[in-house]
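Chemist: What follows is the residue order along each chain.
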Amino acid sequence: MIALLRQLAEALLAIALAPLLAGWVAQCRAWLQNRSAPSLLQPYRTLRKLFHKDAVLAEQASPLFRITPYVVFGTMMLAAAIIPSVTTDVPFARVADAIALVGLFATARVFMALAAMDIGTAFGTLGARREMMVGFLAEPALLMVLFNAFLMYGSTALPTVVHDALAFDTHGLLLRPSLAFAGVAFVMVLLAENGRIPIDNPTTHLELTMIHEAMLLEYSARHLALMEWASWLKLFNYACIGFALFAPWGIALHADTASPLLLALALLVLKLTVAGAVLAVIETVSAKLRVFRAPEFLSMAFLLAVLGILVHLLLRS
Amino acid sequence: MNLDTLEQEAVRVPSNVAVSCITFGAESWLQAADAMQQAGAVLLTLWGSDDRDRDGHFRIHAAYLMPQRLWIIGHAMPSDSPVYPSLSRLFPVADRLQRAVRDLLGIHADGGDDRPWLRHGGWPASVFPLRRDVDPAHAHAVQSSAYPFVHVSGDGVHEIPVGPVHAGTIEPGHFRFSLVGEKVLRLEQRLGYAHKGVAKRFESMRLDDGHRLAARACGDSTVAFSWAYCSALESMNATVVPPRAVTLRALALELERVANHLGDLGALGNDAGLAFGQTQFSALKERLLRQNAEVFGQRYLFDLVVPGGVAKDPPERALVALSSELSDIKREVNELRVLYTNHAGLQDRLQGTGYVDPAQARTMGALGLVARACGLARDLRVDLPWPPYDKFLPTVAICADGDVAARLQVRFDEVLESLRLCSQWLGDMPAGAICVDLPDTEPGQQGIGMIEGWRGPVLAAVESGVNEGIRRCHIHDPSWQNWLLLERAVLDNIVADFPLINKSFNLSYSGHDG
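In order, the protein sequence lines correspond to chains A and P.
Residue numbers for the first sequence follow our numbering, so the first one is 89 and each next one is one higher.
Residue numbers for the second sequence follow our numbering, so the first one is 43 and each next one is one higher.
These aren't lab readings, by the way, just hints derived from the structure by calculation.
Don't be surprised by glycine CBs; every beta carbon is placed ideally from N, CA and C.
Treat the hints with care, since some could be wrong.
[To be verified] Facing chain P, from chain A, some residues (calculated, C-beta under 7 Å):
{"no.": "1", "residue": "Q121"}
{"no.": "2", "residue": "N122"}
{"no.": "3", "residue": "R123"}
{"no.": "4", "residue": "S127"}
{"no.": "5", "residue": "Q130"}
{"no.": "6", "residue": "H293"}
{"no.": "7", "residue": "L296"}
Starting from the given sequences, assemble the full structure and let the hints guide the process.
Modeler: Quick look at the structure:
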């Protein structure tokens, strides 16, 4: 019972913190561009505004279009419950491994693409097909990153990875060359999967260049709020997967007492702050790639992840 | 027919540049067009006039731009058969111009595209608003009908309609893309949504008031249009504008060029995902606009150029402050240019994108900076210099590459060249009066004004009417030619690059639609 409460608390924490992370990235980007930044709380205000509006649906919209925001948000919430962000000692984390997470993200993607095509507008279809192109290239790269962890720790379950990394690795410092390759590959996949520059531009108003945003053009009010929130949650989830694989320090292995949990929470906020700032720097110094450069970018990520595996095998033998 | 025979028969038209005019019958009209095309002239514009009250005729005037002079070839048609030979076989841009003339005046070209261009159902097909017997106050019920776009068929070909309402805060225009995957097979534009009836409005205005409407035909080229209008009027009256006013006008024109280029340089960065560029260039543009307000009392320089001179005499200390601000801007532009040039990600997006080859640019009659970015040295300030450019010749910015990167380079070069001209004028500003009074104008006089605005050459053709009124005023924006070229520039590019290519042209909807 307590474990379920912990589980619920961890998922709710992710839902509550995700807009804050988005706000922080937006704030850093504004500072780096010499602009005065919007408030850190702007994403929450956006959500409140959207939830207070009346939803407008296209006449031809099928039930699929209506339920997709709930499916996508629910999927991201479930993913947040699986990923050990504060503690590994939660029930859901043990029942599903990282491969299942990739499957969850794919489910959300399929629903979004179908909903985008459901209305039949040119932009929705355009965005959906670009999203599927990015997705089918990003997924193998992400799996290769996860196989790095599997080779190292003998498991793709994130709690085991975190536990082994902290307990048995060289003083928990994670000084492994293969992780460096996998880490870079993971950041590239994160950029592509979350619609960030250089693959997609989350702040653009140019419909013809959009990927993720093009799929949301027909959504409004609560549906749009859920879709936006889900995309922030996805970024939060990816950040937490990254922490679990490459920077697990501080994640509480046992949740019996309060102090490790509080320490884990404080470190999570610290890590998110740093990660958000780094993301903003990457987005500020890069231009957006041409759509057809995305395959090159993601095959580079795939290659780096494979190199990580090879390096690991070479060093072990 | 060759140019020599034309020159013997032509008469000079009052203008700030060299303009010759000649009137022909239908057959010679077409032969003259052929001679112009052979000589490499650009069909700049077509305009019609309703002279039935005077001699029972409609007239069509074609303006051809050559490096040494502007030719205006007129043709009169009896009112019962207002048909003239089509020029679309010789000049691709003629089709749209002819359609616009037909929509407004009901005089037809014998051939070519017969779909409406400016008429979007705001008035019935049987009404021609620019005819003198049409009451401008009469409102018509809106009756829009389907517009037959050219359909592209084939395996996997699909269409994307974009606009007329866009996601950004820009003007209305419709773009119909036919694609295979991401590749653009065809782009068809539909413009005319911003038609305001400027030409009709001119006819109810006084000659000494028309510059205010001209200034508003295209808000980002307000100095160019108002100067062109005022030049036409002043040449008609043989008025000499005082030297201080001439220099102030040129200063304003170059400041307008710099402000627009700065905005575009930032927007090009932003469209390639480099928002940093936009914030930097926007800040520079804003500094310049605030200086405009300090010096001329207007951020966008509306109503600064008036018939006879300029409206405001800037105080000496404002000019000194402007001078130091401009050298600051120059330094920062140079720094940002290094950043843009060395940014591999940005250059990868710009180079080879939206390529226009020089032969195509020549056929389509490319104008202004778009032409200069394809290696065509077309700049009125150098080809047909009017005061003060006859004494201060700018260096023409040329880049032969023809892609988005080239248009970016030309903009950088032009900003720096304009800043150099400005600092010369600011260092040696003539003293004296800023405006002279214009004498009364006889009815039936003609005058042409031509100014190289930031997009390219801007034309105003004015004819005086009774009681100091305007009988007919036609203004032309270089976007007409360049819109057509844009349709070709995007072919074989991916559709996701269209916004970038479009921005590198940055054409006017309002100036085109009239």
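Chemist: Next step is simple, just say for each hint if it's right about the structure.
Modeler: The hints, checked one at a time:
1. Taking 7 Å as the C-beta contact cut-off toward chain P, the hint placing Q121(A) at the interface holds, the least distance being around 4 Å.
2. Interface hint status for N122(A): upheld, as the beta-carbon distance to the closest one in chain P is roughly 5 Å, under 7 Å.
3. Because the smallest distance between the Cβ of R123(A) and any Cβ of chain P comes to about 5 Å, under 7 Å, the interface hint for this residue holds.
4. Of the supplied interface hints, the one on S127(A) is violated, with its beta-carbon coming no nearer than about 19 Å to a beta-carbon of chain P, more than 7 Å.
5. Annotation: interface hint on Q130(A) violated; nearest CB of chain P at approximately 17 Å, more than 7 Å.
6. Hint status for H293(A): holds, given a least beta-carbon distance of 4 Å to chain P, under 7 Å.
7. Here the hint on L296(A) is kept, as its CB sits about 5 Å from the closest CB of chain P, short of 7 Å.
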